[in-house]
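J.: For the protein sequence lines, the chains are A and B, in the order given.
Position 6 of the first sequence, counted from 1, bears residue number 6 in the working numbering, the numbering being contiguous throughout.
Position 58 of the second sequence, counted from 1, bears residue number 58 in the working numbering, the numbering being contiguous throughout.
Because the hints were derived from the structure by calculation, they are not lab data.
Do not rely on the hints blindly, as some may be mistaken.
[Stated by the list, open to error] List of simulated lysine-lysine pairs, DSS-like, C-alpha gap at most 27 Å:
#1 K12/B / K51/A
#2 K56/A / K216/B
#3 K216/B / K86/A
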Amino acid sequence: MLERVAQLEPIAAQTGLTMAQLAIAWVLQNPSVSAAIIGASRPEQLTENVKAAGVKLDADTMSAIDTALGEVVVTDPALTAQLAPKERPS
Amino acid sequence: MEFRHLGSSGLKVSEIAYGNWITHGSRVAEDAAHACVRRALDEGITTFDTADVYANTAAESVLGRALADVPRSSIELFTKVYWPTGARGHNDSGLSRKHIMESIDGSLTRLQTDYVDLYQAHRYDTETPLEETMEAFADIVHAGKAHYIGVSEWTADEIRAAHALARELHIPFVSSQPRYSMLWRVIETEVAPTCDELGIGQIVWSPVAQGILSGKYKPGQAPAAWLARDRPEGRRSRYPAIPSRRRARTRRTT
Numbered sequence: 001m002l003e004r005v006a007q008l009e010p011i012a013a014q015t016g017l018t019m020a021q022l023a024i025a026w027v028l029q030n031p032s033v034s035a036a037i038i039g040a041s042r043p044e045q046l047t048e049n050v051k052a053a054g055v056k057l058d059a060d061t062m063s064a065i066d067t068a069l070g071e072v073v074v075t076d077p078a079l080t081a082q083l084a085p086k087e088r089p090s
Numbered sequence: 001m002e003f004r005h006l007g008s009s010g011l012k013v014s015e016i017a018y019g020n021w022i023t024h025g026s027r028v029a030e031d032a033a034h035a036c037v038r039r040a041l042d043e044g045i046t047t048f049d050t051a052d053v054y055a056n057t058a059a060e061s062v063l064g065r066a067l068a069d070v071p072r073s074s075i076e077l078f079t080k081v082y083w084p085t086g087a088r089g090h091n092d093s094g095l096s097r098k099h100i101m102e103s104i105d106g107s108l109t110r111l112q113t114d115y116v117d118l119y120q121a122h123r124y125d126t127e128t129p130l131e132e133t134m135e136a137f138a139d140i141v142h143a144g145k146a147h148y149i150g151v152s153e154w155t156a157d158e159i160r161a162a163h164a165l166a167r168e169l170h171i172p173f174v175s176s177q178p179r180y181s182m183l184w185r186v187i188e189t190e191v192a193p194t195c196d197e198l199g200i201g202q203i204v205w206s207p208v209a210q211g212i213l214s215g216k217y218k219p220g221q222a223p224a225a226w227l228a229r230d231r232p233e234g235r236r237s238r239y240p241a242i243p244s245r246r247r248a249r250t251r252r253t254t
């Protein structure tokens, strides 16, 4: 999987983004998404990652990402239910 | 910063939100946490997401202190209820009316505010009738303690059922908080289309897949438990605020 992820590096470079910025910008391309949550342990990470706001990724970039990641992308909708607790946790 | 409506509601959120899962109250020291919140504000982030379970309530307290001098109307403050907190007694988790009512007051106290903008059910509670949960949320909204209601990691069917009740109860159920990234797209075929139809927006967590998509892990290195069947909120060992003796005792009695 990490070999696939490494193939995102030239795509990010081409768009002038860091890999993290590309990842955040990617979720924001989906109109169903209202916001992307980011965490930080250092203020500099925030300054870097907020640069993903307002970024438009073109269709070529989006399909290059899909090609790079290939089969490591997880899409099974049943996983939402499968990962949920079956009984109330204590 | 750009702003988007949260679903079809009138509430606008910064499209990049600041979350303090596994940072505040645990991995990141108080002064660094405050510096991060300050920087987030400086960068135009207005939406702050936390949960009572993060660092066993300590994360809410840190965020409350960090935002104490910020005009309340200039930010959107989100928290969640469901996972066990506090004494971890038999009623200290889930979405029962009792636990929800007790939890909202605890969260408001820690966040130093009279209301949260969004109160989210952190998971679906299989042991509580959905009607009971939604009626409790409705009372919280009508009491002015939360303005909007949301869920996290609920299925499309669960969301649809809750939305029908929310409509009957005249409360705004406006958001879903799923894990979503280039690598984890499980919402795309069911949850997201259902939410689009119902006017519910996605607030997505882990867009960088816990750092995997930042490129910091090189091939051959083992990243954190990505895809592991684990509590997505992190292993219990990440919550140092709970004494291990109490944890052991709780386990024996359940």
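J.: Of all the hints numbered above, which does this structure not satisfy? Sort the numbers upward.
T.: 3
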